[in-house]
Amino acid sequence: MSSEAVVKLFFREAIARAMREAMAADPRVILLGQDVGDFGGSYKEFVGLKAEFGASRVRDTPVAEAAMVGLGVGAAAAGLRPVVSITYMDFLMLGLDPLVNYAAKARFKTGGQITAPVVIKTTAGAKGQGVAHSQSIEAWLMSVPGLKVVAPSTPADAYGLMKSALRETGPVLYVDHKRLFPMAGELPRGEAFVPIGQAVVRRVGRHVTVATHAYMTRVALDAAEQLAATGVEAEIVDLRSLAPLDIDTVATSAARTGALLTLEEGQLTCGVGAEIAFQVRERVPSLKVARVGALSAPVSSNPVLEAAVVPDASRVAAAVRHLLQA
Amino acid sequence: MMQIRAFEGALSARPDHGFQLYSSGEEAVAVGLCAALSADDQLFSSGRSIGPALARGLEPGAVMAELLGKVAGPNRGKGGRGHLAKPAAGFFGAHAVVGGNLTIAAGAALAAQVEGRLGVVACLFGDGACGSGALHETLNIATLWRLPLLLVCSNNQMSVSTPVAQALAPQRLSDLAAPFGAPGVTVDGMDVLAVRRAASELVRRARAGEGPAFLECVSERFSSHSSSTRETRSAEAMAAIRARCPIDRLAGALAAHGWPGRAELQAEVDAEIRAAVAFADASPYPDPAEALVDVV
Amino acid sequence: MIYSLAVPGPIEDVEEVRVLEWHGEAGRAFAPGELVVELETHKALVEVRAGQAGVLRRILCPSGDWRAVGEPLALLSDGPDEALPADAEGLASLAVDFEVS
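Residue numbers (my numbering), protein chains in the order written: chain A, 1 to 326; chain B, 327 to 622; chain C, 623 to 723.
Hints are computed from structural coordinates only; laboratory data are not their basis. Heads up, some of the hints might be wrong.
[Unchecked claim] Below, simulated SDA-like cross-link-like pairs (lysine to any residue); rule was C-alpha separation at most 20 Å, straight line:
#1 44(A) <-> 635(C)
#2 127(A) <-> 634(C)
#3 8(A) <-> 667(C)
#4 8(A) <-> 693(C)
#5 44(A) <-> 722(C)
Whole structure, please, built from the sequences with the hints as guidance.
Shown next, in the form of structure tokens:
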């Protein structure tokens, strides 16, 4: 794209831009969360919103995730378009009742009379903060009928997926990642939307398909560089949406490469990869498949222990080589 | 109140009544509360929804249809008693999770506040929900933000098999609002006029932007917790409880002023319920394909 | 002598920065300790102060542009009239103090 057509922003600025555009266009969009007002968000991803849109629409909440999510769900059901910021994904668990038992079921249980278009934005991932501040549990939410789950891996998608999430008619869980905030990237200068339910090929390759999402997409791209030096070309598919899942894009790639590696930062058991591997195998029966994820242990704040558990580029590259040799 | 009593009587007599929680004994709470609400307001309830739904003005035939899983119910038979709802009629709905509607109701009140609407949100729940963290989180934020929210606890003094004194430390449940600085009022939940009086003042206050309140209505549950839960209270206790009928109480108060009594109204009520049953029986079940409709 | 003012580092977690504001134009002389340029990282502001006296001669990276840690931002010189090279390659680095806030 020409320099006039794009703008380069930090990951946090991409989120702020999506919020600002949505809040300017629609008075029903509001923001609730801890430290989202004058503080501008834990990652500065909401800077300027309170000054521009006022204290009624941008509200700091106490530490009360069940109420925070419930308020957002109830306000959505009553006609607003709230974004609820849950700083750490680990604490989303406290708000699962209103999200799963009400928001995800509202349209169905009321026979279509009530919908709850709420965006729950939360930050996942391991970055030195310990066992209760490091989890990536998006796989837990993928199987909830009525709930959509998205996970950007670039500033452009952080912007585009938030724009799309704020146009949905039901609840959306938007999962970003601690290690993505240092990133900067190009966005279209004009308004743009990234469709929910659509994966994207980040790097073309003919020997293996790596299906991944969020920060692990960056890790996969690093692994692809390592592999390319030895003549192995990896195709990296960034899922972007976990529910609905774009299996077609992954399957089309896997049908061509003949080998599929799924990569996630969360647990392998009942993980994102387990679902993808099975669904792709249904479409591409003679396929070599392997999964990479965190080891089955809590993620310590200790850097040595964290690094031992969470996948890195070397582990991914080794897994690819092992898969291709089999 | 007679309508609720007769409705539940007709429903419970059917072999296909399904899993029900009855409001018998607590009619005055729902009816008194709804008499204080206007068309701009919304009512949320717990899974004990029959009384609240009928008190709010939903058609008995439609309610019966929903409880029996028929398409003519407001939820097309898909929610049942636990999720009965008709927001267009001011009944935002029941939610079957104990205490699960509290933060949702606060959110609906937040929406009214942000949009500058006059509507008040009332949320009806039982003593069983008062141990829930959600109640305290809701009282805190609603008071802080002065949300137009009225929390109404029908304290029927039992949570399934657990008497209230064994589940909750406070003697007066309305004292639960005190730490947050919101008004807490306790009234006799068997006196429909007392409920209406207290609710009206608290609704006025909320509508004027003065914030939430906690209204405790001490009531009695005339049946066991549910249609499939055995009664744990003694026969003597039940006899005394059923003698405190809120309908008889109102009828007695009105008789002093020459108003008609239960006997005069019973025929009309029974006919209405017969028509409701016929309406529900005439409605079909949803097509199995509806299991996948309105999911996302 | 001509110096290159580069993006200072290392700064924890930072790979690239955006120039926020230059505190002077070409021709301005800076004394040690004076604020030369402010840079934005993903979560903080970096104030870059002159660690030695120098004259700002050519801004290579205008406000709003991006550079990685270590890349040249501007050319400075001891004297105001020294001839400038075409680019910053091979130049000595200007001493700076930087503060991340």
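Comparing the hints with the structure gives:
Taken as a hint, the residue 44(A) and residue 635(C) pair is honoured in the structure, with Cα atoms around 15 Å apart against an allowance of 20 Å. Simply put, residue 127(A) and residue 634(C) have alpha-carbon atoms about 13 Å apart, close enough for the 20 Å limit, and the pair holds. For the given pair, residue 8(A) sits about 17 Å from residue 667(C) by alpha-carbon distance, which is consistent with the 20 Å threshold. The hinted pair formed by residue 8(A) and residue 693(C) meets the criterion: a straight-line CA distance of about 18 Å does not exceed 20 Å.
For the given pair, residue 44(A) sits about 15 Å from residue 722(C) by alpha-carbon distance, which is consistent with the 20 Å threshold.
Of the numbered hints given earlier, the model fails none.
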